[in-house]
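When you get a sec, could you build the whole thing from the sequences and use the hints?
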Amino acid sequence: MDPIFLVEAAINGILLGGVLAVLALGLNLIFGVLDIVWIAYVDLVMLAMYAFYFMVQGHGWSVWVAGPATLVVGALLGIAVHLLIISPILTSAPINQLLATGGLLFFLQSFATFLWTTDHRSVRLSLPSVEIGGIFLPFTRVIPFAISILAMLALYLFLRHTYIGTAIRAVSQDRDAMALMGANPQRVYVVTSAVGGAMAGLAATLLSFQYSVHPFFGGQFGPLTFMICVLGGLGNMVGAFVASFVMSEIIAIGGVMFSTEMGYVIAFVVFIVVMFARPGGILARRE
Amino acid sequence: MNGRTHYIEAPRGRLAGLVIGYAGRRADEVLRRVTEFFLAFPQGRRVFGNMTVLENLRLGAYLRRDATEVARTLDMVYQAFPRLKERETQRSGSLSGGEQQMLAIGRALMSRPKLILLDEPSMGLAPVMVFRLFDLIRRVRAEGYTILVVEQNVRQVLKLVDRAYLLEVGRIRMEGRAELLSEQDFVRKAYMGL
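Protein sequence lines correspond, in order, to chains A and B.
Okay, so the first sequence: first residue is 323 according to the working numbering, each after it adds one.
Okay, so the second sequence: first residue is 6 according to the working numbering, each after it adds one.
It cannot be assumed that every hint is accurate.
In silico DMTMM-like pairs for lysine to aspartate or glutamate, Cα to Cα no more than 25 Å straight-line [to be verified]:
no. : chain 1 : residue 1 : chain 2 : residue 2
1   : B       : K194      : B       : E184
2   : B       : K119      : B       : E188
3   : B       : K119      : B       : D190
4   : B       : K119      : A       : D498
5   : B       : K194      : B       : E148
6   : B       : K90       : A       : D496
For the record, the hints were derived by calculation from the structure and aren't laboratory data.
Being a predicted model, the structure only gives us computed values, none of them experimental.
Structure, rendered in structure tokens:
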């Protein structure tokens with residue numbers, strides 16, 4: 323095989339990794355603060371993709387307006403999930419919390435099927451490709467990647483340099499100690515859910531560049547997102563970032579060497595092996 | 006939980022049965038003004054190890070919105086504990102045990118509490134560290150704070166405080182000014198080994 327294909331696959335892997343990282347960081351942020359995995363996280367992305375689709379195709383909005391609007395939709399969805407589903411069961415047994423967010427997944431899938439049928443819908447964006455040294459880089463991947471990186475930089479600055487961001491990091495480290503500071507945890511939870519939801523909204527916009535949306539879109543990226551979070555160490559933001567690129571590279575390179583399906587198979591096998599060797603994630607400190 | 010820790014936990018609303026008051030208010034009323042109560046260390050220091058010293062201190066002032074006032078308190082804390090100023094940008098997890106204790110106290114001071122609650126601050130510390138810790142508490146007291154300290158180390162703590170309450174099996178056995186209490190034969194024999 324021409325090595326140029328491998329290089330191209332590697333670059334495509336990096337481009338995909340950026341968007342995956344946005345998903346993984348959003349989910350991981352929420353987990354870190356609330357200790358709850360939102361099983362239905364990527365199904366919120368699916369809802370936001372529909373929102374984006376209807377804004378662009380239905381109302382003819384420009385993507386530059388619809389994109390930020392989708393971000394807001396995602397944030398509102400995040401707040402709604404927190405207030406309606408998570409908040410009442412915050413102190414229940416973890417298994418009940420998993421069941422509740424898992425139930426939300428089925429609800430959202432059925433609800434979307436009911437409203438919008440199982441048709442695949444896509445926002446047709448025709449963007450050119452650039453060719454650099456025989457490698458074609460489609461703008462439908464380059465632009466989402468660039469925006470992902472900027473968004474993650476913004477998230478980093480938010481967590482580092484704002485008051486509420488510092489509080490979010492503190493809560494994810496030691497919830498009780500933060501309560502001793504007199505902080506109202508509910509406010510931190512709502513802001514975290516809004517930020518996590520906004521990341522979902524952003525990912526929805528970026529994924530719409532390449533993928534069509536349908537009610538079961540969550541199944542396509544949901545398991546992968548969880549795998550990335552677990553691989554990086556649940557709650558570990560840097561770990562999730564690194565794991566996103568590890569996974570996307572395996573999928574992309576495995577994809578050209580064998581087939582797309584085999585790419586996923588290899589990724590899952592690597593995941594299982596790593597979990598045996600380092601159950602705390604690739605960046606876990608040794609005890 | 007033992008009788009002593011009850012007295013610390015009660016005003017924080019962890020216990021339903023036991024109600025104590027402060028400054029003429031009932032505890033449940035005081036609770037609504039949680040800023041007035043601050044637990045410097047709840048048996049263990051509980052600093053945020055992955056965050057810098059400065060971030061930890063700023064979190065202590067989480068409920069205060071007046072930036073210039075907060076900056077002034079920060080200066081005061083740094084004056085009381087110059088070591089914290091030196092370590093400002095270090096991860097607090099990398100500090101020594103004694104420095105972490107300074108940080109925990111400094112963080113509690115950042116909220117300008119009316120009352121500081123210390124739950125067995127000397128627990129698990131080497132004797133020389135206990136000595137230094139009590140010196141820190143003395144410095145904080147000199148700044149004009151009111152401190153309620155629960156301690157097993159009777160001999161040391163009686164030198165530190167103005168007023169003491171001796172608890173036995175959760176009941177107050179004896180109370181009074183510290184210097185008077187330390188002269189009682191019963192206290193000297195049972196708790197100070199004299």
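Compare the distance between the alpha carbons of K119/B and D190/B with 25 Å, and conclude whether the hinted pair is satisfied. Not satisfied, since the Cα-Cα distance of roughly 34 Å exceeds 25 Å.
Between K119/B and E188/B, is the straight-line Cα distance small enough, at 25 Å or below? Violated, at roughly 30 Å.
Given pair status - D498/A, K119/B, alpha carbons within 25 Å: holds, 21 Å
For the pair supplied as a hint, K194/B and E148/B, is the alpha-carbon distance within the 25 Å limit? This hinted pair is violated, its Cα atoms lying about 34 Å apart.
Next pair to validate is K90/B with D496/A; report whether the Cα-Cα distance is within 25 Å. holds, 24 Å
For the pair we were handed, K194/B and E184/B, check the Cα-Cα distance against 25 Å. holds, 15 Å
In terms of the numbered hints stated before, the structure departs from hints 2, 3, 5, listed from lowest to highest.
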